[in-house]
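There are 2 protein chains.
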Amino acid sequence: MHEEARKRDQQDPLASCREHFEIPTNCIYLDGNSLGALPKAAKTRALEVVEQQWGQDLITSWNKHAWINLPQQCGERIAPLLGAKHDQVTCCDSISVNLFKLLCGALALQPGRTKIVTTNDNFPTDVYIVQGIQQLLGEQRCQLVTVEEAGIESALNDEVAILLLTQVNFRTGNVLDMATITKKAQQHGILTVWDLAHSAGVLPIKLDEWNVDFAVGCTYKYLNGGPGAPAFMYVAERHENAFIQPITGWMGHATPFNFSSSYTPHEGVTQSLTGTPSVISMSVLHAALGIWNDIDIERVRAKSIALGEFMLECMAHFKLADELVLASPLNALQRGSQLAFKHDQAYAICQAWISEGVIADFRAPNILRVGFAPLYIGFEDIWIACEKLKTIMDQQTYLHDHFQKKHTVT
Amino acid sequence: MHEEARKRDQQDPLASCREHFEIPTNCIYLDGNSLGALPKAAKTRALEVVEQQWGQDLITSWNKHAWINLPQQCGERIAPLLGAKHDQVTCCDSISVNLFKLLCGALALQPGRTKIVTTNDNFPTDVYIVQGIQQLLGEQRCQLVTVEEAGIESALNDEVAILLLTQVNFRTGNVLDMATITKKAQQHGILTVWDLAHSAGVLPIKLDEWNVDFAVGCTYKYLNGGPGAPAFMYVAERHENAFIQPITGWMGHATPFNFSSSYTPHEGVTQSLTGTPSVISMSVLHAALGIWNDIDIERVRAKSIALGEFMLECMAHFKLADELVLASPLNALQRGSQLAFKHDQAYAICQAWISEGVIADFRAPNILRVGFAPLYIGFEDIWIACEKLKTIMDQQTYLHDHFQKKHTVT
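Chains as they are written, first to last, in the numbering used here: chain F, 9 to 418; chain B, 9 to 418.
As the list makes no split between identical chains, a pair holds if one copy fits it or if it spans any two.
SDA-like cross-link-like pairs, simulated, lysine to any residue; straight-line CA separation at most 20 Å:
{"#": "1", "residue 1": "K398", "residue 2": "F318"}
{"#": "2", "residue 1": "K48", "residue 2": "Q60"}
{"#": "3", "residue 1": "K72", "residue 2": "P32"}
{"#": "4", "residue 1": "K72", "residue 2": "E364"}
{"#": "5", "residue 1": "K72", "residue 2": "T52"}
{"#": "6", "residue 1": "K72", "residue 2": "C35"}
{"#": "7", "residue 1": "K123", "residue 2": "S162"}
I should point out that these hints are in silico values taken from the structure, not numbers from a laboratory.
Whenever a hint applies, use it, and build me the whole structure from the sequences.
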């Protein structure tokens, strides 16, 4: 199978994309779904924005290097990946803050309705944000309702204001059918808010075609925008006039540099901006997004599926599948670009794997999570990673004390 | 006077601080109050966080390089400059977003009171944020009341929930008496929220001693954290348990990596965090803040005052004071680290000055604004800047067409 892996890498039409990235030697990085690798263009831009733009051109860079347009420019580069006309997408703040804005703004469009339905296994911050809004506005204006993924459709009725869902489950990788669910929700007059954190840059998405109302997403995973890079948000054109978000900072003003004493929202999605943008982070993101100009997202999806299937074959070959139980859907079309395996020692196994140069991650309570970033991961990487995992499991090296301490992050 | 300027630079105990910065040659930068200059340590850190931490250590940097602690580490470096015990200060998001959190949280501590009093000449985003909250919560829970700076004290009464003020007026540089006003407000049971955007790093501040309730501030002006660097916020220890902010993202959770489905706020000011921090920007900020370890803020204030007074002397010497009318207080103790001059052609004069290598800024409708960053600006800089201004005014070069186009930013 090692030979097979090499052959598939040679035939891979995306193989050359790896040249856009700095990948450490002796490292197989299966965590691009948590933090994407460093694009060479991002490194160059980081130097440029700090040394030249900030250091030499100072305040004049707001015009000279168009810092002021960065949120819009990033939005323009992300929009095609979402199947969205570009003027509906902008970049700012974090997913958490942007969800707060979208949910409050969308609630105001639904007089008489108070319920926000989401899944109990949604990424926690999505749920927490609804809890915060419920606390702020009171239950007479906002009520959180959580359901199982399997129970989404039966929770839809004419009392629901908003359906808030993440397309790809952060633990299992299970993919929800955005087109169908959106349609069914809208038959009840429900507004849909989709979190695309684990989708953007790896799944083909068609927000406009699927008639999605609002969306947020992350740029530091498959979009490789750098740690904590600004999030994106999408507001469908049909909502742009009625939608008003509540964190009305000066960057969302129609004419911020008139310093008017009264707030007038900017046209379109730009009203969603709040404070001064994080220029260094956003410049790096903008450069990172340049990679996507020449990349066909359908090809990325095809390779992502092939990588996942190949890993399952390798796991079977090494007889690891019984011990590390698949927690992701078996049907590849039903999965995002990741595989989750259950094991009571998942944390320690992950640490042992990392010590062998294979970076995956652990998700509480018992998930070993493996992500495939098709732009820089190949089939031979998967083979080698599984070979190392086989040794770890056979020799039970993960039982060593130093792999047992619990401490991990995003 | 040129000789006098040189002598004062030689005697300046802060003169050596300039070595910490990259200042472009042939540039006199009088806009550090808008965007601080590039500290050399920040440049080094930018490279390190991008090339080594992101590029090589990837996701492991959250622990290995303590990315997860950056908000707290930045807070610890800022706290002494605010006269605050360190565990009351953190860094995250923007001033606008942080004001939203503080104001909503503070309103909830004031049952039965709805009014938020601020000045009509406050920085616009502060006013806009209150307008947004009023719109979101309704006037029965939040009412914006704006007054003249001179009318602040007479607006204080037992119906007011919150007094929101900026210590240094962004246009005129007028300084409000934080200690006295806070005390008077608190006599009416009012909570105070201070915006320290134009204060931090240049005015001695004593938040704890003055019994301030809440504060926000900017790190990209006198703290030199880089364009759009994350803002800071201060929550007085006595409010830490009762205060609950509404944008309850996962980074404010007591145990974010347990991925619990229910929100429990972190202890202390850390509950004010929301989404994943902007690591690159915050690392750069952290390095920039290192400069302050060895600097006495009282000395910075003394030099700031001396620079302002010296500029007024130069303006008088060049007979510019009649034409460029001072819009800042005449009493130096009453001013922040800036001078504002009124002129109908202020925009064009500013552009002409920039073309001569002196960077100041324009604030609508008619203010030429000059800021003094005492860590890297000297007396000779002021002399040369005024000499160039004299030529511009005498020759009326600012009337040239290419200086007349209106387009400017923060």
